[in-house]
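Asker: Here is what each chain is made of, one letter per residue.
Number of protein chains: 2
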Amino acid sequence: MAKYTIGVDFGTESGRALLVDVSDGREVATHVHPYADGVIDDVLPTSRAKLPPDFALQNPADYISVFKTAVPAVLGESGIDPADVIGIGIDFTACTMMPTLADGTPLCALDEWRDNPHAWVKLWKHHAAQPEADRINATAEEMSESWLSRYGGKISSEWFFSKALQILDEAPGAYDAADRLIEAADWVTWQLTGEEKRNACTAGYKAIWSKREGYPDERFFAALDPRFEHVVDDKMSRDIYPIGEKAGELTEEAAAWTGLRPGTAVAVANVDAHVSVPAATVTEPGRMVIIMGTSNCHMVLGEEEKRVPGMCGVVEDGIIPGYFGFEAGQSCVGDHFAWFVENCVPGTYADEAMPSGMSLHQLLERKAAQLAVGESGLVALDWWNGNRSTLVDVDLTGLLIGATLATKPEEIYRALIEATAYGTRVIIEAFEESGVAVDEIVATGGLPGRNKLLMQIYADVTGREIVVADTDQAGALGSAMFGAVAAGAARGGYDTITEAAQRMARLKDVTYEPIPDHQAVYDRLYAEYVTLYDYFGRGENDVMKRLKALKAEVRS
Amino acid sequence: MAKYTIGVDFGTESGRALLVDVSDGREVATHVHPYADGVIDDVLPTSRAKLPPDFALQNPADYISVFKTAVPAVLGESGIDPADVIGIGIDFTACTMMPTLADGTPLCALDEWRDNPHAWVKLWKHHAAQPEADRINATAEEMSESWLSRYGGKISSEWFFSKALQILDEAPGAYDAADRLIEAADWVTWQLTGEEKRNACTAGYKAIWSKREGYPDERFFAALDPRFEHVVDDKMSRDIYPIGEKAGELTEEAAAWTGLRPGTAVAVANVDAHVSVPAATVTEPGRMVIIMGTSNCHMVLGEEEKRVPGMCGVVEDGIIPGYFGFEAGQSCVGDHFAWFVENCVPGTYADEAMPSGMSLHQLLERKAAQLAVGESGLVALDWWNGNRSTLVDVDLTGLLIGATLATKPEEIYRALIEATAYGTRVIIEAFEESGVAVDEIVATGGLPGRNKLLMQIYADVTGREIVVADTDQAGALGSAMFGAVAAGAARGGYDTITEAAQRMARLKDVTYEPIPDHQAVYDRLYAEYVTLYDYFGRGENDVMKRLKALKAEVRS
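Each protein sequence line maps, in turn, to chains A and B.
For the first sequence, my numbering puts the final residue at 556, and the numbers step up evenly by one.
For the second sequence, my numbering puts the final residue at 1112, and the numbers step up evenly by one.
Same shape as in the complex, but just chain A (with noise of 0.2 Å):
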């Protein structure tokens, strides 16, 4: 008999599940359930009330909803038998965390915690701790914390104890109900189980945990703040659990929501980028998955701890057991095409594209195709939205340099592929001269279906082979992995995430090869690119941040 497991995919604006065969990953039926609350950045849904700039937060409902929409929709599409559905996984944007009593009741269900934002849950765009975290560092370099350049120097905003210092910082009183702080991806795991299992993905990229030194000392969390120095014992925990392993089976009640049966097995939870390397074949080192979309995430597996300048994070266990998981990120990719697409192209592109139903951006790509490389003249600093790898500076700005009265829309949109592309090349010479090999590159996300031009690119200037993963949904396919590994090899699942990989995932039948002449080319222009990059990233002009300080000034 045929056994299949269900990925549970919450992304910023829906949740996704997805049922796959375990012997062959086919994936047999998918639904998506957007959130009725989406991203919650103007008013709070119960008092209407303005939130402050740069809030990001989310009803937890609205997960607790995908259970009970999307994962009966994949049952009643495919008409499996739930008995054959032996495991469930998650997968969750991260750091998305919340306050909690310590039944797992959301602070913001509650009738006296409703109308305090900071009840809900933030985001992991949630950047208005912004002060908390540029604490944090301060804080932490003054104390020569040795696990700051496990996180390429700096950490972000986005993370869990920027977030948790801030609910201290603006609602003390919030900060005091909350008996726990907790990851939304542990959280959604713990209303299926019943049992709170934290996840060593989130612990260690985004809450300063590692397998081996555990979280900062308290002294640190009472520098920052004394009433912060017991956060991690009073409100979180220090039993963090391999990804990999089972969280727990399903209770009666998240078994009546869902329609699968009770004591289904749980996998402890993960993150959406670090569940989709598997979900790309790569279970071993050598080989760097990148999840191409909105914004770039690089990850690869060592053997060994190294401190690689600029990274986002090393944890061990945090991806695939057994490893070191390395990320880096670029956060402005599919984002910055957007932009242009929407910004700065003319409407008689648009007239073009019309008649042959083609899409701005396909039409972007056929002209720019047509370009040899270098024909442009142009080189850009990739930065529109700051750079997260290897400065970790949002402070940066983009760049365009070469342009005449003869340069073209698909000129620029190309140069702006370019130039993500050179950053990824950086991203990649920091590993491997830290001692991190990148040999091959697996991408995955929405890019590289829809951008031939991009993959070649990619190729060239990274003087690297690249594969693409065959799902379109790495994320909720990585998570059903990952249930099929809770279930076990006995109840017909896999013993090992490794072997679940070996038959659930595979590549496509694609490959982009580096073209010789083209990279010799591509050298000379990422040798312009890393001048820039050191002169304007690395405080030789600063102007892009004296620009953005003075743009603040003027606007308060």
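Hint data in this document are derived by calculation from the structure and do not stem from the laboratory.
Check each hint, because a few of them may be wrong.
[Stated by the list, open to error] Cβ pair distances, simulated, as ranges:
(1) Thr496/A <-> Glu898/B: 57 to 65 Å
(2) Gly259/A <-> Ser912/B: 30 to 38 Å
(3) Ala605/B <-> Ser356/A: 31 to 39 Å
(4) Ala778/B <-> Gly463/A: 53 to 61 Å
Heads up, the beta-carbon is just placed ideally off N, CA and C, and yes, glycines get one too.
Fit chain B to the given chain A structure using the hints.
Answerer: Just chain B now, kept in the frame of chain A:
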């Protein structure tokens, strides 16, 4: 009885006649006659043979057509008695030069030469003589020619000897057949008067002549090419006539073309930019005239000869008799905004502009005017078409810095305007540092009437009051004024251009005053501009030149 003069302004695409009342400068009638052959940059009109890259030629017969159509048209339209037209003045694009026989017959009018491109008029923007310009500059540096610093350290491919040397290099037969090599300005005056009289303005600004030193020594010309040694005495003239003199009187033949009386005074020819200075009321030092159009041309008078880095030239009596006329320029102003509107403004903006009948320029100006100074966070280097002053470098290219995912088209548009204003400020500072005062700006050309935001930005950035000349055709008006001076007071005109300017030229009733709050912010932005200007323009990072060389390499 009222007296009148006619100014004939020879532009790039057409010639314009303007009939003006001598007593008060009232513009009575105007007529524009497009050149039948226009700019010849694709194929020769005779053989239809394809022209090499960067060629830009004209047909001198088109100039005569202007006399035959536009002058009779203004006489007809105004109903003025030709006997009351006391003078005629000419201004022309420059350096626009041609080979002729000793009697003035253009080489291209002869059967044996009409199929040779080098027999035709080389228009100012003929850029194919760059190798010759490079040779002239290199040789001049090697021989430490003192005149080089009169031209900011470099002469242009557009100038007289670059073009003459190209004829010798590429068509030595045509060079031999040419009894005369002459500016089109002087050639048309010759056609009107029957006398070859060369003007000091083109000789000084375009042909390395000065009142005190004459032309470069024959040893210099011989060093370029032994056959070039006697170019001045063989094919040009050492008799140069100051601006403001009478060149001669209308011949019977020219009177028949124009409908004017034989014997009507004809002024020594002038250049379209320089003739605009008195038309903008300026006949004394201290007030800089800026002609703002596709490019900017900056002219200011001085009592002494100063060497200003990167200026286009200084010529004694070249603009107003008795003064040194200084010229500088920016090669990309209106062209810049036109490029942006054509290539970088999304269709949604056209949709927004359409219902109200606004142009995209007007919509962008309106949106950009709502931004505070510094609010965009952007700074650009206005080098889309190279930098004329103060770097004299055609291989520099554009730069935009500071863009984010929130950057809007009107912010970029404003940044481009600001960049041209910073470029003008660099020029003003170069003049002032060299001892040439610039206390106030008088604007003329197409832009001042069309873009109030631009004018205010120029006032704020330069910290100078800006007034605007009250004419839309400063070239033709200036020529009519010189026509009145050629006639002289005894015949109802004026004895000096200063007198003519007092009566015939005026300013609009509008002044742009620097706003101190804006100036303070622009001072900070200008400092950023200067840092980038020096870094990319003075050899610290020659990325622009390398990218341009690479572009040429991959295209070849």
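Asker: Need the list of violated hint numbers for this structure, in ascending order.
Answerer: 2
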